[in-house]
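Colleague: Given these sequences and hints, build the entire structure.
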Amino acid sequence: MSKEKEYYFSKDELKQFGNITEFQEQMGKDFFKWYGNVMAEGALTSREKALIALAVAHAIQCPYCIDAYSSGCLQHGADEEEMMEAVHVAASIKAGTTLVYGVQMMNHVKEKIM
Amino acid sequence: MAIHQKSKSLASRKNELSDTFYQLEVLNGHEAIDAQFPVFAEKVANLGFTPLRTTNLEIFQINIGKLCNQTCAHCHVDAGPDRKEEQMTRAHLEKCLAIIAATPTVHTVDITGGAPEMNAHFRWFVEEVSKLGKKVIDRCNLTIIVANPKYHDLPEFFAKHKVNVVSSLPYYSKSRTDAQRGDGVFEDSIKALKMLNDVGYGKEGTGLELDLVYNPSGAFLPGSQISLETQFKRQLKRRYDIDFNYLYCITNLPISRFLEYLLESGNYEEYMQQLVEAFNPSTVTGLMCRNTLSVSWDGYLYDCDFNQMLDLKVSASGTQHLDDFDYEKLHERPIVLNQHCYGCTAGAGSSCGGAIE
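Chains as they are written, first to last, in the working numbering: chain A, 5 to 118; chain B, 1348 to 1704.
Incorrect hints may appear among the rest.
To be verified - Calculated pairs, DSS-like style, for lysine-lysine (alpha carbon to alpha carbon, straight line, at most 27 Å):
1) 1580/B - 53/A
2) 37/A - 1390/B
3) 1361/B - 1431/B
4) 1521/B - 53/A
5) 1497/B - 1431/B
6) 1538/B - 1478/B
7) 1482/B - 1580/B
8) 19/A - 1390/B
9) 1584/B - 53/A
10) 33/A - 1390/B
11) 1442/B - 1431/B
Honestly, the hints are just simulated from the structure, not real lab data.
Modeller: Pasting the structure below:
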């Protein structure tokens, strides 16, 4: 492996996303068509979908998606406050998910102690 | 509130980008940055436009001067308070009038600048065009209306001549508007919009059309025009009780001060790549350069205001100035294309009248 490839998440790799069809053409094509339909204006606006995508991008900690949907949100007219609120929604759900396991811990402890 | 300008024009700073030849060298990958992008003219030729030609002349657009009370960070004209010399003379405006009167296909006269209202002959010219029965568009920066008492009656003047007022407002919040247009611009723009609303602009049934222009305030492309218009209408009404008719989304072209911003912020390559990737063949037939003639303050003729700012004059020989205007020679002329044209074909397309599709 060459020196410049000794890291993950190169920005340039995002530009090659379309190339996933090289190893499985039909599934790749199906995915991009589905993805396009999902993100298009529907019952939810494209702007709302971009904000959801931004929140999910943070929850799954995907650097590609964070860049893509930060730009996407700007493009769809979201402001900085809305974008940060979306990130807080993702963070609070993740934090809540951690905390809710506390119930399991509490129940277990209660079973074990006198 | 006084507007605080973030910068001066490229020309007064003697920045190398004030040289149009240098800008074209950058766009073609020969200066500043060596990124190469597919040649726009070839993209268009591959679609069968060999060359892309104009159709009937319908919109006569005049840039009557580079003087402006603002120095916006994205300005493709490099306008500003320091551009006092470049003002169209009465003699040139009279020539424009004669051409407009003699060209029946022209239905709209689109007056731009700088702040066009700062040209000493602006009101006289609007009155004369109005008498010809042509639609008049004034590309008003809004803040000029409150900049000085002598401009406070502009809303009444516009209303009297049924001028279509088209005004830039990059966002419905102060921070993003002022970041692009100067501190204090948002507050003054809201005041001016209220003055326009007060005389009937943007109100149903008055016939007085007030349109807003959305330019992204950064290195990203505009989203859906309909969706952004809905947002702008809702937010401006809710926050400031302001009404307007249409929102036009215009993509920032990589020229002049926006090119300076792209280069200085390190966004140039990525922005150009976005424009190239978003090339939409179906926008080509609706490009504004096909039915527009753009006239500079000193009387030269161009296919559009952007070509004007890059000093790319019309290709028709022997008729590149008002003094030599020849409709037959200009009709169906090949349009002068360069790399900045990607800005008008990206996504839903972009023109002085907003999205193309």
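Colleague: Indicate, hint by hint, whether the structure satisfies it.
Modeller: The hints, checked one at a time:
no.: 1; hint: 1580/B - 53/A; result: holds (20 Å)
no.: 2; hint: 37/A - 1390/B; result: holds (25 Å)
no.: 3; hint: 1361/B - 1431/B; result: holds (16 Å)
no.: 4; hint: 1521/B - 53/A; result: holds (25 Å)
no.: 5; hint: 1497/B - 1431/B; result: holds (18 Å)
no.: 6; hint: 1538/B - 1478/B; result: violated (30 Å)
no.: 7; hint: 1482/B - 1580/B; result: holds (25 Å)
no.: 8; hint: 19/A - 1390/B; result: holds (20 Å)
no.: 9; hint: 1584/B - 53/A; result: holds (24 Å)
no.: 10; hint: 33/A - 1390/B; result: holds (25 Å)
no.: 11; hint: 1442/B - 1431/B; result: holds (22 Å)
Checked against the numbered hints given earlier, this structure breaks only hint 6.
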